[in-house]
Amino acid sequence: MPWPYHLLDLTETEKHQRRLLLDRYAVYAQLSALIPIAAYQLYRLGAWVYAENQKAKVRYSAIPSSPAVRRDRASKTGTVVRKWRALVWWLEGEIAPTWGLRIHWVAGVSWMAWLLFLCIHQTGHDYLHITKRFGAIAASQFPLHYMLSMKSLYSPLNLAFGSSHEQLNPWHRLSGRIIYGLLFLHATWYLNFFVLAGVLAVRLVAPVVIIGYVAFFLINILFSTSLEKIRHWSYRVFFVIHLVVGMVLPPLLFFHARPLRIYMTEALALFIFDIICRKLDTITGYATITPVPHTKLIKLRLPVPTSKIQRFRDAPGQHVYLQVPPESTPPHTSSPSIHDLLFNPFTVASVSNTEVTLVLRTLKGPTTTTLEYLSHLSKAHPPINIEGPIGSSRHFPNLAADYDRILLVAGGVGSTFILPIYLHVRDQLIIEGKSSDRVTMIWSMRSSSEALWAIDSSSASETEEGGSIQDDENVQIFVTGHDSHHGHNAPEPSDGSVEMSEMARKGDESGVRITGRDRPDLRRIVGNVFRKGEGERVAVLVCGPAAMARELRRDVGRWVGRGREVWFHNESFG
1 MPWPYHLLDL TETEKHQRRL LLDRYAVYAQ LSALIPIAAY QLYRLGAWVY AENQKAKVRY
61 SAIPSSPAVR RDRASKTGTV VRKWRALVWW LEGEIAPTWG LRIHWVAGVS WMAWLLFLCI
121 HQTGHDYLHI TKRFGAIAAS QFPLHYMLSM KSLYSPLNLA FGSSHEQLNP WHRLSGRIIY
181 GLLFLHATWY LNFFVLAGVL AVRLVAPVVI IGYVAFFLIN ILFSTSLEKI RHWSYRVFFV
241 IHLVVGMVLP PLLFFHARPL RIYMTEALAL FIFDIICRKL DTITGYATIT PVPHTKLIKL
301 RLPVPTSKIQ RFRDAPGQHV YLQVPPESTP PHTSSPSIHD LLFNPFTVAS VSNTEVTLVL
361 RTLKGPTTTT LEYLSHLSKA HPPINIEGPI GSSRHFPNLA ADYDRILLVA GGVGSTFILP
421 IYLHVRDQLI IEGKSSDRVT MIWSMRSSSE ALWAIDSSSA SETEEGGSIQ DDENVQIFVT
481 GHDSHHGHNA PEPSDGSVEM SEMARKGDES GVRITGRDRP DLRRIVGNVF RKGEGERVAV
541 LVCGPAAMAR ELRRDVGRWV GRGREVWFHN ESFG
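First residue of the sequence shown? That's 1 in UniProt numbering, and the numbers climb one at a time after it.
Hints are computed from structural coordinates only; laboratory data are not their basis. There could be a bad hint or two in this list.
Computed list of lysine-lysine pairs in DSS-like fashion (alpha-carbon distance at most 30 Å, straight line) [claimed, not checked]:
1) Lys434 / Lys279
2) Lys379 / Lys299
3) Lys364 / Lys279
4) Lys299 / Lys279
5) Lys308 / Lys229
Label pairs and their computed distance ranges (CB to CB) [said to hold, decoys possible]:
6) Ser307 / Val49: 34 to 44 Å
7) Ser307 / Asn220: 41 to 51 Å
8) Gln310 / Tyr28: 28 to 38 Å
Note that the structure is predicted; figures quoted are calculated from it, not measured. Backbone N, C-alpha and C fix where the C-beta goes; we use that ideal spot for every residue, glycine too.
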């Protein structure tokens, strides 16, 4: 099929009509983002109505695995609901390791197809029209793209979807790829237009064109440094470039083309609004930083104002963004200007009446390197900035009330997310007079010494009935590597979490109660949990290496395929 677009000599009236179509379809592209948002709200409303309707039918409490309850749940779900659960589970699975979730691919392809339709429809054979249309449609997506990157609790999409920024971040990356594809075609086709029209030398020195291609050059740098290999090589490079280019792009495109100004103003306003909200949610405290013996972990205790401590206590498993201010930066580390741009997420491991505790692994980044240095200054209490708390756990269901069994799996420092949730659920079950055996925690670590901080934390916050995890039979600890007093200098796994392969074993020297000195058999553990009650609802949460999460999800998926009702959450930072 021959290329249908050509350079046309249009009248002023036809050019005006083209301008109207360009503006109209850009508005269509931006407003159409409201459709999936509205659809999700209707879905949530329907799910809520269904749940309330089922609660109204409950006339008595019964043993979850009793035949009566099994029959009741089977009649409620039926074939349609079971198939719907299976479809949702399939969509939330990876298309391939490191390739993202199926739902992202399905939604991304669908959204790209819709935007391509808006780029092409009613362009006729006008080459310049379709070239401009791709640019206008791409620009219309900038406000949505910036909104998907917002970390503040007051992000419109966080509020609309009842989610947190880490759940929206994959959609931000997807939106970025779509915008880049549209802008790439816009820029290359415009360059080709200059060649075909014979005005290349003249147009390349025009200010509006120079601004456009400078913006496109920066977008290419941003896109290149966002690749996974670059992020793993230096997350600092990725973050700084992302932040600087993201701030510079809207003003550049604002002056590149007048019709884009409304979209660039919206994007820049969202960017500034997010920064202001995050600044207002940031506090500074004088931290107590100590190393965890025989490990590469450090514990950071930070006082929190009374007016804010309740937000930390409201939901276990939240996280904060930590920043080392210039006055806490040692002279031999990175320049303070680098730390001004770095905000690292760390999960809140425990909360007391006056302070929060973070536990983090020291790797090679400037933030953890600085904190490690500060941890050896025994009398120092350096000021540390934290923003938050934020996180998806604020929107979790009531695990103790809504599910009959809860399985929690942690790998390495993933326990900072899992352990607070375990202690909270265990205490809820005890308060409600239910058996604490309903919740099980599996913790896989490289060295048993890594559990010492958790034993101290659980002992300090133990309830009369609960006790420390050291004496809790529902907490199973697996050591996958050798336990050594030289663990501080031992090589770390590539993801900084936990070694998943078998290594040489040595006797335990930490005093921690160990369930096994091998990888946990997740398939057997999952099977034991699901076999305890045929009709029971099960919640499964995991925080650890990607390989562990994939294995656990695969094992849980076998039971979803049999019609079991499962709520699964994988807490991970890309």
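Evaluation of the provided hints:
Simply put, Lys434 and Lys279 have alpha-carbon atoms about 43 Å apart, too far for the 30 Å limit, and the pair is violated. Restraint check: the Cα-Cα separation between Lys379 and Lys299 comes to about 15 Å, which is no more than 30 Å; the hinted pair holds. For the hint pairing Lys364 with Lys279, the CA-to-CA distance comes to about 27 Å; that is within 30 Å, so the pair holds. Under the criterion of a C-alpha separation no larger than 30 Å, the hint pairing Lys299 with Lys279 is consistent with the structure, at around 25 Å.
Only pairs whose Cα atoms come within 30 Å are accepted, and Lys308 paired with Lys229 is rejected, the gap being roughly 38 Å. With their beta carbons about 37 Å apart, Ser307 and Val49 fall inside the hinted range of 34 to 44 Å. The hint said 41 to 51 Å for the Cβ distance between Ser307 and Asn220, and at roughly 46 Å that hint holds. Our hint of 28 to 38 Å for Gln310 and Tyr28 is violated, since their Cβ atoms are close to 44 Å apart.
Of the hints listed earlier, those the structure fails to meet are numbers 1, 5, 8, in rising order.
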